[in-house]
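Asker: Chain residues, written in single-letter form:
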Amino acid sequence: MEKIKLTEELSFSRMIHGLWRLNDWNLKDQELVMLIEECLDLGITTFDHADIYGNYQNEAIFGKALALKPSLRDKMEIVTKCGIKLLSNQRPDHEVKHYDTSKDHIIKSAENSLKNLQTDYVDVLLIHRPDPAMDPEEVAEAFTLLKEQGKVKHFGVSNFTPSQFDMLSSYLPFPLVTNQVEISVSHLETFQDGTIEHCLQKRVAPMAWSPVAGGKIFNATDEKSVRIKKALLEVGEELGTKELDKLMYAWLLYHPAKIMPVIGSGKIERIRSAVDALSIKMTCQHWYKIWIASTGVDVA
Amino acid sequence: MEKIKLTEELSFSRMIHGLWRLNDWNLKDQELVMLIEECLDLGITTFDHADIYGNYQNEAIFGKALALKPSLRDKMEIVTKCGIKLLSNQRPDHEVKHYDTSKDHIIKSAENSLKNLQTDYVDVLLIHRPDPAMDPEEVAEAFTLLKEQGKVKHFGVSNFTPSQFDMLSSYLPFPLVTNQVEISVSHLETFQDGTIEHCLQKRVAPMAWSPVAGGKIFNATDEKSVRIKKALLEVGEELGTKELDKLMYAWLLYHPAKIMPVIGSGKIERIRSAVDALSIKMTCQHWYKIWIASTGVDVA
Amino acid sequence: MEKIKLTEELSFSRMIHGLWRLNDWNLKDQELVMLIEECLDLGITTFDHADIYGNYQNEAIFGKALALKPSLRDKMEIVTKCGIKLLSNQRPDHEVKHYDTSKDHIIKSAENSLKNLQTDYVDVLLIHRPDPAMDPEEVAEAFTLLKEQGKVKHFGVSNFTPSQFDMLSSYLPFPLVTNQVEISVSHLETFQDGTIEHCLQKRVAPMAWSPVAGGKIFNATDEKSVRIKKALLEVGEELGTKELDKLMYAWLLYHPAKIMPVIGSGKIERIRSAVDALSIKMTCQHWYKIWIASTGVDVA
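Protein chains in written order, with the UniProt record's numbering: chain A, 1 to 300; chain B, 1 to 300; chain C, 1 to 300.
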């Protein structure tokens, strides 16, 4: 599989596996080991976590699988996130869901992720959400310390606007390596608000969360989803596939920003279908048919 | 007439003649030669085209006039555009109106413009609309090749936001020389969304399309147009003119961004009236009376 | 009191006294001298004016107090503003409220401020509002001349967006030292539109006007204000105070952008309460409880 070079030392697989719903998949440890191995066989080497996924449980589930087969660790890149504090029985001191990007919290959260994941380092740590009260000097101190200690190799952000990205960057002694944002046929905002242009300008490849629009195109009950589904199927007819998710991934892969979709499925056949999207060659006109179906208006 | 220096080697006349509606004017070739000569006599040396104007026909109409009197070519700057694919009997392979800024399309479109215009080069080629799927590396390759071959002297964009402008610029080995955007007493968006500020910051003089608001102020049926017309006439009374279009041009010319209005008329008396606007000296208070009439609210 | 360093030579007190409503306070000259001295005793050394405050009268009222006790001048930093032309019996030639940032007006306005304030210089002159017709070259010429003449030491802006700030900066031979914008628990726009991030990126500490939301939280008649008041009181219970204004100031002071609130009160007890906010130590969770009450939605 194509690799996307994020820095001199770091590359991600073009398709990324996301563990957001790992706890819902009800996998036994050995089954998760198998799923990871199947991903690696497909060329998916990058795995996306967050401290809070699965009510703060998913990192530990993944960590148990790694402990069962430690040789897997060197074959993968692990991404995790910090900065959101959930209302949770796991965190009784949180009285309201909020963000915390203090030096203290970033370091504690990262160290906790290492413990849960049963690993010595994560490849990339992301700030999960832009924190309007973020002190960029504290973030810079936390990142620098974690990097010096070898606990985190590289840093990025998630759901940041261009100005938030640039502001934080200006305080860091190293570049942010990615911005994980929502991108799909049904969610064009990041194309329209300058986020993806900013990625292109900064030569930062974005990760795409919810790349198949959370499933709403498959059922397609609302008008917009109906339009998109119809356009996907029309384009699919020319391209020789009826698989909606494959077409939605192909639409993202067509774009020059080197979008890296985060596949959120625990079923290997769906993951395989996503990977198959890499062989689809959309044309410019195909891409626009889907764009126009999504916006609901012709281009100007 | 005042010239606006865009680069060391390139200047535009402050007022520009636009050929968008050339096919509607029903001019015989010799009449078009006369119109061009009258423009040149007035000091208008810059002529604005696009591949798609007149259903892909207008460049060729202009080209025939140039062929009748080849000595005109050296007296003018020709601007044309590419990147939109119209639904058109001229382009039966287009199934939906869309944008295409691939290397292949830019080069083919520019070469086709040269053939239609019966000239060896165009002075400036613009990307007509921001393409959300634009690959800036392909654009850079196309521009560089066209420049090396002498087919296009300089490059610019049209309807680009600041972030789109900066993104593309970051891939080019030479600066973009202009951004042609909609600016008029009735269309203040480019003042309000940072586009004109960005032009000032980058020292890029913008071209203004639809500079007299497409004629809707003359009839003034809607409330906003009625307010604007009233304010223009009030200001005109102090300035000694009742010509609405002259006042609308003067309002643009007042602005420090060196806005270059694209005059879209085929009638020499209307073009002359536009040029006369250069001698009008609005005050700051005049300018604001018209601004406030357009926004419909007092300044803060 | 904490000082905020704006340049190598210029520092403001963290809390600033604002003279916007000076004419409403009906102070005798000697009473104003006393108020100024009490501010200075509290550590408030920075005083915020504008040419237009009090229908163009407030600078002169303040100037009379300075004339009564000239030794005060060296103990304070004076900020004033220019660029708005009010409809006013004091300015009969203004036919409509508008902005004017011409070289001529900036210089005349600044010189008039010096005369009214009975001082040889102001520490900082701000452009009061972004002027869509601003000629940045004229502003640069005016600023440069005023600085060379020693009439104004430093320059800044007010209510500028990031792109307006950057554009003007690009024409100036020295940095803008502040951006005075509206920030309060009830006015989050400057957090949400990139303004405060831009201040952090440019290392420019913003001044906050209307930092206690113009008083509407005290009465709290609308839904949003009711929510904010409730959250402030809940947080206040944990922090040991029921003073709403102190809590609103503390919320601003928590933020890492080094926001400098402009206290608009003529009552020394309210000023003292504002200064007391400096000793309150909010937590991240407190800050977010108030943020969420203001937006009316949970964080994402």
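By construction, these hints were calculated from the structure, which means they are not laboratory data.
Wrong hints could be hidden among the right ones.
[What the hints assert, rightly or not] Computed from the model, here is a short list of chain C residues facing chain B with C-beta under 7 Å:
(1) D24
(2) K97
(3) Q164
(4) M167
(5) S170
(6) P173
[What the hints assert, rightly or not] Computed footprint of chain B on chain A; a stretch qualifies when at least three of its residues, placed anywhere within it, have a C-beta under 8 Å from a C-beta of chain B:
(7) 198–207
(8) 252–262
(9) 282–293
The structure displayed is predicted, hence computed values, not measured ones.
We put the CB at the ideal spot given by N, CA and C, even for glycine.
Asker: Each of the hints needs a verdict: does it hold here or not?
Answerer: Outcome of the hint check:
| no. | hint | result |
| --- | --- | --- |
| 1 | D24 | violated, 20 Å |
| 2 | K97 | holds, 6 Å |
| 3 | Q164 | holds, 6 Å |
| 4 | M167 | holds, 4 Å |
| 5 | S170 | holds, 5 Å |
| 6 | P173 | violated, 16 Å |
| 7 | 198–207 | holds (count 3) |
| 8 | 252–262 | holds (count 3) |
| 9 | 282–293 | holds (count 7) |
When held up to the earlier numbered hints, the structure conflicts with 1, 6 and fits the remainder.
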